[in-house]
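*Asks:* Hey, can you work out the whole structure from these sequences and the hints?
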Amino acid sequence: MGKKILLEHINVPGINTLEVYRQNGGYASVEKALKTMAPEVIVEEVKKSGLRGRGGAGFPTGMKWSFLAKPEGVERYLVVNADESEPGTFKDRYLMEKIPHILLEGMITSSFALGAKTSCIYIRGEYFYVARILETAIEEAYAAGLLGKNILGTNFSHDIFVQVGAGAYICGEETALLESLEGKRGNPRIKPPFPAVAGLYGCPTVVNNVETIASVPYIVMNGGDDYAKIGIGRSTGTKLISASGHINKPGVYEIEMGITVEDFIYSEEYCGGILNGRKLKAVVAGGSSVPILPADLILKTEKGEPRLMSYESLSDGGFATGTMLGSGGFMVYDETTSIVKNLYTFARFYHHESCGQCSPCREGTGWMEKILHRIVEGHGKHGDTDLLFDIQRKIEGNTICPLGDAAAWPVASAIRHFRAEFEEYINHPERIKNVKHLQELVS
Amino acid sequence: MAKVTIDGQSIEVPDGTTILQAARMIGGDNVPPAMCYHSKLKTSGGYCRTCIVKVSKGSDKDPRPMPKLVPSCRTTVMDGMEVQNNTSPEVLEARRGVVEFLLINHPLDCPICDQAGECHLQDLGYENGAAKTRYDFPRRKFNMIDIGPYIKMHMTRCIMCFRCVKVADQITDNRVHGMINRGDASEISTYIEKAITNDFSGNMIDVCPVGALTDKTFRFKSRVWFTKPMDAHRDCKKCSGKVALWEKGNEVLRVTSRKDKWGESEEWICNECRFEKKNIKDWVIEGPRHIDRHSVISLNHYENVVAKLKIDIAKQQKQLVDKK
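Protein sequences appear in the order of chains A and B. In case it helps, the numbering used here puts the first sequence at residues 1 to 443. In case it helps, the numbering used here puts the second sequence at residues 1001 to 1324.
Hints in this document: simulated from the structure, not taken from any laboratory. A quick note: this is a predicted structure, and the numbers were derived from the prediction, not measured. Possibly wrong hints are sitting among the right ones.
The calculated lysine-lysine pairs, modelled on BS3-like cross-linking and capped at a C-alpha distance of 30 Å, are [stated by the list, open to error]:
hint : chain 1 : residue 1 : chain 2 : residue 2
1    : B       : K1042     : A       : K191
2    : B       : K1054     : B       : K1068
3    : B       : K1054     : A       : K191
4    : B       : K1152     : A       : K47
5    : A       : K184      : B       : K1152
6    : B       : K1042     : B       : K1318
7    : B       : K1068     : A       : K394
Between beta-carbon pairs, the in silico distance windows are [said to hold, decoys possible]:
hint : chain 1 : residue 1 : chain 2 : residue 2 : range
8    : A       : F59       : B       : K1238     : 37 to 43 Å
9    : B       : K1248     : A       : P402      : 35 to 41 Å
10   : B       : D1235     : A       : K184      : 39 to 45 Å
11   : A       : G73       : B       : H1294     : 51 to 57 Å
12   : B       : K1248     : A       : P429      : 54 to 60 Å
13   : A       : K184      : B       : P1107     : 26 to 32 Å
14   : A       : F194      : B       : D1015     : 57 to 63 Å
15   : A       : T336      : B       : P1107     : 39 to 45 Å
Which stretches of chain B does chain A cover? Using the computed rule of at least three CB atoms under 8 Å from a CB of chain A, they are [unchecked claim]:
hint : stretch
16   : 1102-1112
17   : 1134-1148
Backbone N, C-alpha and C fix where the C-beta goes; we use that ideal spot for every residue, glycine too.
*Replies:* So, in structure tokens, the structure goes:
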């Protein structure tokens, strides 16, 4: 069994209540931080821990915190990004639904470290019931004196608000999230200025993912060095992986970073192998926007080393032969899957979710969807594959926010690794209703 | 002061200047094209991505190049920065991509569009566009909307530059329109087709780089290159009263604000000057307005040719009669 930090007490009955949570050592970090530690020390510990943002980009959290501007007399905010909209990712929902208090504990401790009097949870509209669970937990915390004025008799006061979004994918982008939180249309802002300087209502703001903040209590209790010992290299700690697709045991798993991908897919402790004993075809390792990898490249890197579940190992080889850990939405496809149809689904999603602010993404995502629709329906034209690749190349890197990249990468990687399948769709539309040819293609 | 080098040409500019402004100070052919940036509007720019450039050296202190292409209208210069615009094939290719994206859903109805001749998208397409489109799907269409008594909005032509939204935001008393829907279905609209009635709403027509917002008092009256632009002014209580008149004979067909060489309004004018003073006696004429010689508007000779032809015909008829 790998080490568990976030899901250690997941099976304790009633862990969603404050009482049971405290019996299992909950809120100890609040007590320790507020009574014995200085805010700078906590930031230093988080830096030492090597904790990286769990929302997808993997930016070191301690560094992000130390960038926070601290002008006199200006409020600072902590905003927790619970707008988990990446297709294939559902780890934050699981965590907030089962153990809401671990998030609140992390928020209080982190806010103390950052000097924020107010913090916000921005949760996506589809998670309405989770927002209720969080609100109940917040009420419990207020009643126990863990929130509100003079927490645990110290000088530190803190309030937490839950804000439900309206279900737009783009609001998971931090600046769009802040716009939405301010009550405006959720369009990404043009950076700079970064939120650390001018964020919510123009005040310095830190935006962190749910899982990142939930990891803070452990770091405060055990020290950054202890956390850094878990994991491998610069990928420290544990990571929640949302495993889905053609596997025997889909679900949320907490892994210690550094286990092999092969182990993760085939071991009984985690995914338990491919459904119905079929062969593995491809894996999307970190949510729909990261590049898809065929079976041989996901299990072994180009150099022939086994690929590990870590930021570095998954991105080994760049985008030519690698991918990204992203938000940990691990989607497994068996040999019967049509990569083209899968890509069409993704393209439809990104077209629907593009905010329409900047031209490449607004026009390009729609164009890609239309071409893919044509291919999937058997009306593809010669040259469509090259056209698709060219469109994605002109979107990538030329947009305001990373949604443009997110829409471009899956298209690029699918064509890079499965071009033959696209050509098959275009050249032999009569065969596309029959999946058998795909198995022939693989063999 | 910061020294910045754009395509090998250096200039010293005050801190806080953007790359685009610095490029315009240098002038010449190396100025990146801009569709959504407007020098008189705060926070404009950054949306259309046509002005993207490559920063090959960040600054003297931090010489690392910037990882992505950056919008020059929103990126401020640093001391020692080196920028590549026309000298970078990467930039030119990305810009061609952006122009293609802007054009795939544009109706290309230039022959019946009032903006033709002074349209930024035409210029951009001419310089950076491809000869043939690769887009073979039906183009996006919207219905035309009247916003107020003077302005027609043709959303199909819009490229989403947000300039008109910023005008309404920044120079008029309250914001009444913005963007609705999202992605490629998004459109500029007043909230449930309300009219925009404030005194400076006409400036939205001037800032529109394409023919999405047109002057209803001028629609289909004349092609712009058949009209003569004249600088004129009048005493106006609301605005500076300095305008450009577009005349045909002695008739004033259109009144607009004076635009600088980048096609951006120099001063805002009020609706009274723009829409109601269409008599030449209302104005003090200062003289012909300078138009860039490359512009189609300066090819203002058609009427003379036509007039001469008429006379010629009469002569010929007379000659024919004489012969008989």
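*Asks:* Give a verdict on every hint.
*Replies:* Quick rundown of the hints versus the structure:
The hinted pair formed by K1042/B and K191/A meets the criterion: a straight-line CA distance of about 15 Å does not exceed 30 Å. A distance of roughly 7 Å separates the Cα atoms of K1054/B and K1068/B; the hinted pair therefore holds under the 30 Å criterion. Under the criterion of a C-alpha separation no larger than 30 Å, the hint pairing K1054/B with K191/A is consistent with the structure, at around 16 Å. For the proposed pair K1152/B and K47/A, the alpha carbon gap of about 57 Å is over 30 Å, so the pair is violated.
With a C-alpha separation of about 27 Å, the suggested pair K184/A and K1152/B falls inside the 30 Å cut-off, and the hint holds. Restraint check: the Cα-Cα separation between K1042/B and K1318/B comes to about 64 Å, which exceeds 30 Å; the hinted pair is violated. With a C-alpha separation of about 12 Å, the suggested pair K1068/B and K394/A falls inside the 30 Å cut-off, and the hint holds. The hint said 37 to 43 Å for the Cβ distance between F59/A and K1238/B, and at roughly 51 Å that hint is violated.
Checked against the hint of 35 to 41 Å, the pair K1248/B and P402/A fails, with Cβ atoms roughly 51 Å apart. Checking the proposed 39 to 45 Å range against D1235/B and K184/A shows it holds: the Cβ atoms sit about 41 Å from each other. Our hint of 51 to 57 Å for G73/A and H1294/B holds, since their Cβ atoms are close to 54 Å apart. Hint check: K1248/B to P429/A, Cβ distance near 57 Å, so the stated range 54 to 60 Å holds.
As the Cβ distance of K184/A to P1107/B is approximately 31 Å, the hint placing it in 26 to 32 Å holds. Evaluation of the 57 to 63 Å hint for F194/A and D1015/B yields a failure: the beta carbon distance comes to about 19 Å. Remark: the range hint 39 to 45 Å for T336/A to P1107/B is upheld by a beta-carbon distance near 44 Å. Interface restraint, the stretch 1102-1112 of chain B with chain A: holds (3 residues with C-beta to C-beta distance below 8 Å; minimum three).
Check on the stretch 1134-1148 of chain B: 3 of its residues sit with their Cβ under 8 Å from a Cβ of chain A, so the three-residue criterion for coverage holds.
The structure shown violates the earlier hints numbered 4, 6, 8, 9, 14.
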